[in-house]
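A.B. asks: Sequence:
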Amino acid sequence: MIEHRKMATPATSAMPVDTAARVRVGAAVEKGIIDVPLSAERFILEGAVLPIANAGADSADIAETGADGGVSAAVRARDAVKGPYGVITSHLLCPPTGGSYVVDFMGGNAFGASRAKLLAYIDPFGRVFETDRFIEAPPAREPDLSFAKFTDQPEPDVQTGCVYVWDRGEKTDVARYRCVNDRYSMFDSWYGFKSYGTNLSYEEAFARAYLAFVYRPWLGAQRVPGRGLESVFDILRHQPGLQALRSIASLVREADADPAFQPPALVRCLVKWLEAAGLTELDAADVPNDELRLVRTAKYADIFYLASESSDSPVTERQIWALEAALNRFKLVADAFGDNASVATDVDCARWDAYLIETAGVQQPVVDQLFDAPVGRSNGEWMLRRGVCAALENAKLPFRVDMSLRADVAAGLVALDLVVPDASFMPEWVWRDGVAKSVGAAPASADSGLAAADAPARSGWLWAGDAERASQAARYAMHVGLLLAAAAFEASSQVQCVLISARMFVDDAAEEATEGHEGGAVPTPAAVSASFSLPVSEHMIAGDVLYNVSLNRGDYAQNGFAAERAGDPQALFVRCAVPLATEASSALDAVRELPSARFRKRAPELAGDAFAAASVVALGADNVRDLHIQYESTLRLAGEGLADRIAGTASVTEAIAACREAEAQAKAARDDAQQAACRRLMAGLVDGTIDMADQNAMVASFVGEDRCRVALNRARTIAQERPEEAISILSAAVTEAEALDGYVDGAVTVHRVFDAYASRVLYNLARRDGSIACRQAIDDAGKQMVLASDAFYLCHLDLVSLLENSFERADDALRYGKRACELAPTALVGFRALARAYMLVGDMESSKETLERGLLIASQPNDIAVAYYQLAYVLWRLGKPRVGAACYLKSMQTASVVYAQSSAELKELLDETGVVMPERDEIDAELAQAGVPVAPVECVLDALGAGAAAAADEGLFLVARNLLSLRLRYRPDDALTAVLRSLEV
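Everything in the sequence shown is counted per our numbering, starting at 831 for the first residue and increasing by one.
Calculated from the structure, these hints are not laboratory results.
This list has only true hints and no planted wrong ones.
Here are the computed distance ranges between Cβ atoms for each label pair: (1) ALA1562 to ASP1142: 47 to 55 Å; (2) LEU1617 to GLU1566: 14 to 22 Å; (3) GLU1679 to SER1323: 46 to 54 Å; (4) VAL1482 to ASN1543: 24 to 32 Å; (5) ASP1132 to GLY1709: 43 to 51 Å.
Backbone N, C-alpha and C define an ideal beta-carbon position, used for all residues, glycine too.
Let the sequences and hints guide you as you build the complete structure.
C.D. replies: Pasting the structure below:
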């Protein structure tokens, strides 16, 4: 936008000195009231200030003065129509650049009036300034109204731009203008100028704009909202979900009550849709404004997502879906109309709304547009899931569809379970061209319908009826199903078949309504099926399943389902229907029954083949064994398998035989640990200490007793009352484990513990190429890594906690703390324990260095929050209070685990030091500038993403879920959240 300047030569001539002196004297008679020279050029503005609603009543109860002692708004509104209003363009004092004045002729004839009230000054630069006195120099303040032309103009001799109303530095775009041959027109505004908005001179255009947009609201009328749909989108951007919806409804109601206003038809439609979705009921129930969260999916389809902020929300899921649909129908119709959205009629909106619903499946699936998403193997599990989930997020759908995805790319199979909107979500009223009847209410009876059928055909609004709405809902469900099937075929050339089950949205309220409803506003699945002529049988309808179909690549290859996605897909769905085994069945069952499902549930603690080259790089591992995190996982899995076999035996003799068979197999494999495990289990079965029906007990016996676990449990029961005894128990267990289990690191072998698969992957990457800054893992390169018992590691942490308060044994606390960091070099908890031990002996520098070293490998939110909390105090005591404050804020921002403590200590720090607390968006920069790692660091987040993709491609879904869930905690993404759901096993 650039400043608008009057193009024509100003009509105001240079004012004689004596005239200027005369009007100055006249102006001093009464504030704002001037004597109008007879020779002054003037004109009247007919209909410039339209009557204000509820302002015409002549009541003695109207207060003459307002709270500030001035004229009350009620009196201003009552007197507003008196006028007449006009413009004086000459013989009044103005700046040297010229200008004119908007005036109120105070009830007199403008051309014979001798006095007038000054309202505003119009300068030649596209600005209007409210004033009650003459202006002698160009104003050095913001205007009350201005015209600003667009930088890019449509034609050389045509000027277009916006009309802004200014208020305390903020401007509202209330209308557009167009200027051709120095004649102005105003349009695209909620204010209806009617015939007074075209073919205006410069002075008349600015005067009418000022009186409509500034002066009339001052008189008591509603302020004019932002032009077109902008005011609605502005509310949606800046207000909480439910409050925004209420504000929009209130805005339209107030506008409808003012005869001068003409809200855009699409905005009126939005309010009607919101009320039909249950907004009125939520208002009646006084649901809090912040109960719903509203998000605009700007990275993907750029539509709206609505969700509840609480688990026990009074807003039902059906209401949430319906309110969200109202917003998205509004948004999609607005996008379709573009710049013409504000001038569309009710009929235009209805037609396009119906068209967008019917053609939801026509849009091309967008499978490759994601924001900062990791890339996996071509035609692999990750890219398939990523593509289908991206297609759903990128789809511009008027109604929400919830998707569950399972797949096995090697088997060429994708399964989708969809939850789709039922008939109650569909429009109740539709516009029909050339229909036989145009009604304002639902048909009262069959006779009335027949009578209307005899009427001449004409266009009009038609009650959709339950059957038509049910058919529309079914078509929508089928169209979206075809769209997602197309996405699956496009995402991977390996996919040969897409199974889809679609279930109608069902909630408690819907079920109650169905039970007590006679007219079928919430039809059952069978009723919906019958309404669009699909066969009601076990092949199509089972429980709440609307359809269950199998679509193959051969059909897709012909024309991409183009005809069915654009028109009626019923024939295709009937032909491709497949039966369901039970009412609880779905398409997902087909993937769950594949051989790959067992591996996905138990990996990566199983053995497996070597990884693909790309996965080796991303996971830092050559095969599945390199991702194990469970101590003696192979032994435990063998024990579980043996326990399963024993559970199927009829006697102890048969159970012993199964054990001997397993022992022989272990002996052949030269596995001493499994041989000893078999002997332990046989002994327990023989002496009766183990129940053959208790598989957990058999597995525990097979694996054997963990001396450190036993010691840990004993020590924790007495630690509070007898800490010295607890220390003795734990230290003895650690010494015994080092001696008997070999938990001592050497030049060839090291023993490590991992708290999650993410920790193992980070360790592998640091050990392999140093891409993760883990000093201990880098030092382990070239050595054999053996998993240690997690109880052995926990004994060290408990010893640090018990010893840290003893000054005499501080060295022991530090020794155990350092060993804990060696045992779990990618788990932050050990670094926190060691840092606390350093802090308690006054070594703040070592405490700081330990915490910063731990933050370089951190990925768990709670651990990170506690580490920043500890680091904040350390930095405060080191004389760096501002960085300490940033650490407290970072802790509170990351997780709530120590929120209360951080908040209290932050207040104490600020009170003590007087430092200025960093702004929320400055926290990371403050930390980075001070050399404090901003956890998780970028290389860790990148490793989590790449590792998730590689793990998914290798079928290691448990690993992929762990890595991806952590990444999403810091880099949220709607499409990848759906991918995470698809990796459930």
